[in-house]
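Colleague: In case you want the letters, here they are:
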Amino acid sequence: ADIISTVEFNYAGDLLATGDKGGRVVIFQREQETKSRPLSRGEYNVYSTFQSHEPEFDYLKSLEIEEKINKIRWLPQQNAAHFLLSTNDKTIKLWKISERDKRAEGYNLKDEDGRLREPFRVTELRVPALKPMDLMVEASPRRIFANAHTYHINSISVNSDNATYLSADDLRINLWHLEVTNRSFNIVDIKPANMEELTEVITAAEFHPHQCNTFVYSSSKGTIRLCDMRSAALCDQHSKFFEEPEDPSSRSFFSEIISSISDVKFSHSGRYMMTRDYLSVKVWDLNMENRPVETYQVHEYLRSKLCSLYENDCIFDKFECCWNGTDSTIMTGSYNNFFRTFERNTLRDTTLEASRESSKPRAILKPRKVCTSGKRKKDEISVDSLDFNKKILHTAWHPMENIIAVAATNNLYLFQEKIN
Amino acid sequence: MFVRGLKRKCFDGEEDIEGTLAGIKAIPSYNLQRQSLLDMSLVKLQLCHMLVEPNLCRSVLIANTVRQIQEEMTQDGTWQMINTQSTGQASLDRLVSTDILCRSSRDQAEGKHVPAYGTFNKDFESDQAQDGSEAMSTASSVQAPRNLQSNVWEMENPQENKGNFQKSLDQIFETLENKSPSSVEDLFSEVDNSYYDLDTMLTGMMSNTKMGHCDSLETFSSPTNTASNSNCKSDLNDLDHIVEILVES
Numbered sequence: 003a004d005i006i007s008t009v010e011f012n013y014a015g016d017l018l019a020t021g022d023k024g025g026r027v028v029i030f031q032r033e034q035e036t037k038s039r040p041l042s043r044g045e046y047n048v049y050s051t052f053q054s055h056e057p058e059f060d061y062l063k064s065l066e067i068e069e070k071i072n073k074i075r076w077l078p079q080q081n082a083a084h085f086l087l088s089t090n091d092k093t094i095k096l097w098k099i100s101e102r103d104k105r106a107e108g109y110n111l112k113d114e115d116g117r118l119r120e121p122f123r124v125t126e127l128r129v130p131a132l133k134p135m136d137l138m139v140e141a142s143p144r145r146i147f148a149n150a151h152t153y154h155i156n157s158i159s160v161n162s163d164n165a166t167y168l169s170a171d172d173l174r175i176n177l178w179h180l181e182v183t184n185r186s187f188n189i190v191d192i193k194p195a196n197m198e199e200l201t202e203v204i205t206a207a208e209f210h211p212h213q214c215n216t217f218v219y220s221s222s223k224g225t226i227r228l229c230d231m232r233s234a235a236l237c238d239q240h241s242k243f244f245e246e247p248e249d250p251s252s253r254s255f256f257s258e259i260i261s262s263i264s265d266v267k268f269s270h271s272g273r274y275m276m277t278r279d280y281l282s283v284k285v286w287d288l289n290m291e292n293r294p295v296e297t298y299q300v301h302e303y304l305r306s307k308l309c310s311l312y313e314n315d316c317i318f319d320k321f322e323c324c325w326n327g328t329d330s331t332i333m334t335g336s337y338n339n340f341f342r343t344f345e346r347n348t349l350r351d352t353t354l355e356a357s358r359e360s361s362k363p364r365a366i367l368k369p370r371k372v373c374t375s376g377k378r379k380k381d382e383i384s385v386d387s388l389d390f391n392k393k394i395l396h397t398a399w400h401p402m403e404n405i406i407a408v409a410a411t412n413n414l415y416l417f418q419e420k421i422n
Numbered sequence: 039m040f041v042r043g044l045k046r047k048c049f050d051g052e053e054d055i056e057g058t059l060a061g062i063k064a065i066p067s068y069n070l071q072r073q074s075l076l077d078m079s080l081v082k083l084q085l086c087h088m089l090v091e092p093n094l095c096r097s098v099l100i101a102n103t104v105r106q107i108q109e110e111m112t113q114d115g116t117w118q119m120i121n122t123q124s125t126g127q128a129s130l131d132r133l134v135s136t137d138i139l140c141r142s143s144r145d146q147a148e149g150k151h152v153p154a155y156g157t158f159n160k161d162f163e164s165d166q167a168q169d170g171s172e173a174m175s176t177a178s179s180v181q182a183p184r185n186l187q188s189n190v191w192e193m194e195n196p197q198e199n200k201g202n203f204q205k206s207l208d209q210i211f212e213t214l215e216n217k218s219p220s221s222v223e224d225l226f227s228e229v230d231n232s233y234y235d236l237d238t239m240l241t242g243m244m245s246n247t248k249m250g251h252c253d254s255l256e257t258f259s260s261p262t263n264t265a266s267n268s269n270c271k272s273d274l275n276d277l278d279h280i281v282e283i284l285v286e287s
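Sequence lines, in order, name chains S and L.
End of the first sequence sits at 422 in my numbering; the numbers just go up one at a time, nothing left out.
End of the second sequence sits at 287 in my numbering; the numbers just go up one at a time, nothing left out.
No wet-lab data here; the hints were simulated from the structure.
30 Å max Cα-Cα, derived DSBU-like pairs, lysine-lysine:
#1 320/S <-> 393/S
#2 368/S <-> 420/S
#3 82/L <-> 307/S
#4 82/L <-> 393/S
#5 193/S <-> 23/S
#6 380/S <-> 307/S
#7 133/S <-> 104/S
#8 379/S <-> 362/S
#9 133/S <-> 112/S
#10 380/S <-> 368/S
#11 82/L <-> 70/S
#12 368/S <-> 307/S
#13 82/L <-> 392/S
#14 193/S <-> 70/S
#15 223/S <-> 70/S
#16 82/L <-> 320/S
#17 379/S <-> 307/S
#18 393/S <-> 307/S
#19 420/S <-> 380/S
#20 82/L <-> 223/S
#21 70/S <-> 393/S
#22 193/S <-> 95/S
#23 82/L <-> 63/S
#24 95/S <-> 320/S
#25 23/S <-> 82/L
#26 193/S <-> 63/S
#27 82/L <-> 193/S
Produce the complete structure using the sequences and hints provided.
Modeller: In C-alpha cells:
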C-alpha cells in the first residue's frame, strides 16, 4: 500500500475515493444496510481500483513529474455513472466509473464465446437478451486536461454550475470547461514580471458552493482573497481580502512560515470559510475581512518547538481541514496519528488517535491528551515523545452522517458515531 | 538590553551556555542563534533534490526567512558591530560563506570565488578555535570542502588573491547594502521558467548563448548531474523529442 495523498467523499456519501503517491485511485462503496445483516451497517468496501496517473518525464526541464495524486474531486451525480476529477502536479483527468452487471446474450452473428458464426448457419433471427452477470466496475478516462500549468497543481474545485472547474498551481489559477480539454482560461496570475521578486505563492483555491461566480484562494503569507468572476476576466484584483493582523508579541522568524495557509474550505452553507495554518484552524465570516470569527488551536504546544520543526522540515507540512455536514463541527489532523475535532457551538474539542493499537473494530475511540506542563498524568503523552513521522494530513467527513475518513500515512481509517 | 521585543523563541531545549551568564552576553547568543538559523536556511535552499522539481512554496518561505534575517542583521548594524571585535574576521567569513553559498553556481561557472577565498581561510581556521559556537560549525562544515582547494590557490597566487579578495568583498557589501539581497534573488532567477516556454526554447536552440545558460544550470547543484547521468538513454529520446517539436512548429 502506498502513502495516501487525498481522501474525498462524493456528494451522496456512498462513495469514498482515495488517491495515493503511486498514482492509484481506490474507491470504496458503502454497503447497503440489509435487514439480514444489521451489523454491517454502513461498512465501506473496495469498489474500484485504477491507475489514474503514471510517472512522466519533462524533457524540456529534465525533471520527473510525480504521479502522486494531489487532489480528487467528485462531480455531482447526473446519471448512473460516477465522475471524478483527479490531478497530479501537472495534469487533470476526468474519470468515469460505471457498473456493468448485465451482458447481452443471444447474438445472431457471433457465438457465446465471440467467434463469428458462418452466415449460412443462421437459420432464424432472435433478439439478444440481457442476462445478469457478476458486477464489473469500469473506470475509463474521459477527458485529459494537460499542459496548462507550469507550476505544481495544488487544488481543483468543481463549480456549482456543474460545467466548469478551476485548477490552481503555485502562481496561477485556470478555469476549465468539463467538455473542453484544449483550452483553459487563466483567471488569476500572481507571477511577478521578475521572478526574483517572488515572495508569495498560491496555496489553495476553492469555488463557492452556491455562487458560481465566486471563488477564494489562499496564500503562503496567510491571506485569503475572494474573487468575483463577473468583475473582470482576469481576477488579479480581489473583491475581498481576508487577513488577520499579526500579534506583535508572538513574532519570530517563523511567523510567516506558520501563517502560511495549507487549506481553505467553504462551509456547506456558503456563509463561512475555514483556513488551516500550521498551528491553528480559523473560521472566517465572508462578510468580515479583518479577522476570523473563530480560532482553534490545533497543537499550540508545538510553538516552542518551531526551530526543530523547521530543521526537520515538518513546519512545511500541509494539513487539510474539513466541515461536517451541518457545519457544526470541524476536523483537522496533527502528529502522532492524532486528529482533532472542534464543536463550534459548545467549544468542545477532542483529540483522537488513528492507529491499529487504539482502534479495534467497533471499539469506541478513547480521547487522547498531550501533556503540555511538566507533570505528566497517566495516559497523557508528552510533547517530546510525539512521532512526527506519523502525520495526519488528509481527512474527510461524510456529507450527511457522522462518518469520518482519516488517512494515516498508508492506512485509511473509517470511524462512525456510535448509535445506541 | 535587547530593545527589539523579539522573543527568543527560536531555539528550544538547546543549551544556551552564553545565555546563562550576565545579560550582556545574551546579545551575542541571539546573534549566533540567528546566524545558525540563517546558515540552516541557506543549506536548505541549496539542497534541492533536482530530480523532481523543488517545492516552490517551501523555497519561497525559506527565502523570505533568509531575507528577513539579513534585513534585521543589516538594520541593527549587528554585523558591523561584530566587525570591530576580535572575531570580526571570522564573522565576515560567515557572511562570505552565506553569500558564497548563494553565488556558488554562478561563481563556479565564472571561476571567481575560489582565489578570493584563499586569504580568508587562513584567518578563519585560527579564529575557529576562539569561537566555539554551533553557528560556526555549521558555516565551517559548508566551507570545509572549499578549504583544501582555496588553500592551494593561496599558496600559488598570494598577490592575485588580495586583489580578488577586495573585489568579492565589494560585491558582498553591495549585496548587503541593497535592501533586497540579490543572493536570494539569484536563486529564483534559476527557477525562472520563461526559459522553458516553447518559443524561448526554440529561439534558444538557434543561438549558442542560451545553451551556455543551460550548462550553468547543470552546475547549480550536483544532484542534477547525477540525474542526467542516470537518464543517459533518455538524452537520445530528448533529441528526438526536440526535433519532433521543431518539425511540428
